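Produce the entire structure from the sequences given, and follow the hints as far as they go.
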Amino acid sequence: MADYIKPLPNPTPETLPFWQAAKEHRLVIQRCTSCGKYRHYPRLLCPSCNSAEMEWASVTGRGEVYTYTITHRPFHPGFAEDVPYAMVTVELEEGVRMVSRLLDVPTEEVAIGTPVAVEFVDVTDEFTLPMFRRRRA
Amino acid sequence: MGEITLKDQCCIVGVGHTEFTKGTEKTVLAMHVESCLKAIEDAGLRVEDIDAVVPYSVSSNLTCNEQLMHHMGLRNVGYSFTKHQGGASMVASIQDAVMAITCGLANNVLFVGGRKGFSDQRISDMAAKKVALPPLPQLQWVMEFELPLGNVGVGTWYGAGARRHMHEYGTTSRQFGAIAVACRKHAELNPNAVMQKPMTIEDHQSSKMVIDPFRLFDFSIEADAAAAFVISSSKRARDLRQPPVYIMGVGEGHPDVPTCSTEKKCMTEMQGFKDAAKRAFAIAGVAPKDVDAVQIHDGMTYPVLCALEDAGFCKKGEGGPFVEEGRIELGGELPLNTSGGALSEAHVGGLNHIIEGVRQLRGQCAERQVENAEIVFVGAYGDFGDGGVAILRR
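Going down the list, the protein sequences come from chains V and F.
Note that this note's numbering numbers the first sequence so that position 27 is 27, with each residue one more than the last.
Note that this note's numbering numbers the second sequence so that position 157 is 157, with each residue one more than the last.
Simulated from the structure, these hints should not be mistaken for laboratory data.
Values in this document were obtained by computation on a predicted structure and should not be read as measured data.
Accuracy of the hints is not assured; some may be wrong.
In silico DSSO-like cross-links for lysine-lysine, where the CA-CA straight-line distance does not exceed 27 Å [stated by the list, open to error]: (1) F/K38 - F/K83; (2) F/K289 - F/K315; (3) V/K37 - F/K265; (4) V/K6 - F/K208; (5) F/K197 - F/K26; (6) F/K22 - F/K197.
Have a look at this one:
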């Protein structure tokens, strides 16, 4: 495998379950077990009810493109080969958002409202990153 | 005991800065000390009069309070702090100086900041140096969940909101360009400005797309620049060298989600800036319609458009049309960034916006003077929509 030079996540004990699930190709999002609300990015307390009780809940991975940018000029050498590339902000069905790449879509076709589904990409032996692919609505 | 009001208790009494250049041999420390000495001299104060310091820190290598005290031989410091709000830090720190002086904890508060954005810390070199982001704690989620996928830096953080603003309100890239053009027009009248080559909207539109929707001319310039200013009580100000510039109102604000753009409920406003403006106007007892000129920190064009909406100069979503047709240019209804701002004068972390506000109110702006400027709004956003606002008057 060629050397992977893109930056990798540096998980903390609080975020590790996200990456462990990703390695298993599962998308998990924190959910408050007191009031049931999802939140992402991870937090120690629920933003709705302040409870510290939570679980990492499996989610469908389905969502829609909420907004996007297109990088034409890389600000890190790891992405030099990728430009131009779109970063999509996806709003998942559960109401939380993630930022990732949209696989196999030319940058001119990236649009707000496009239905997407998560697809996991094993980038190194240690890390798997969640990315997205277009899906039929 | 009656309620304490911060309104008009203090004045900005001295300002100073280095030459703004693309390349200097001076160290950051030397630039900071130079700026401090100039500001103190401008006020008609002496170094020994300084009893509080507020250095600016966005990333490492910048001068901390103890270094300043050491190198300047400050002996009587009873108050010092550094706020961490990205580009909003300096403006948001004004309220603390006013508070300290009003409560008798300090007499003359010295602010300083700036960096070698061209020589040392060129963002455009980051790609080669593999330095994606400074290791700031507030960037924890961005570093972990966004950077590995390719979301690198302010262009993506604010670009996502900008694209959403364009989607919801029909805002256009040409309207971002109107801000860049206004700043450049003003820079042409300012001998201190780094960029003075005339710019038209068409020039802006033909500049290369960097992070869509942002083009090259949507980003602030890289320069080596440092600046400083001094705040004293209004009583003391009247005896000092310059016409006093009163601090009418101050405010600090933070968004509900201060660590990223992605999670914000609303991605098309800067909630912290909105709150800071509201607080400052409330203390000042004036409204946006009373303001004669605005100095808004412009790390990029779009956040300024958003800031004008969020502060109430126009309705949310109307920022695009608002900045067109010369409204924000000298001679227009609401001149913006009359020294050229970070887009054309230099990026000095909001310090040059504060200084320009002061100079306008002193009547020291020569060709770029806003006639009869009575009230100037100084605002800065930072990180993911933090805000700092100071409303100044003569």
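Going down the list of hints, with the structure as the test:
no., hint, in the structure
1, F/K38 - F/K83, "23 Å, holds"
2, F/K289 - F/K315, "13 Å, holds"
3, V/K37 - F/K265, "14 Å, holds"
4, V/K6 - F/K208, "25 Å, holds"
5, F/K197 - F/K26, "26 Å, holds"
6, F/K22 - F/K197, "15 Å, holds"
Going through the hint list in order, the structure satisfies each hint without exception.
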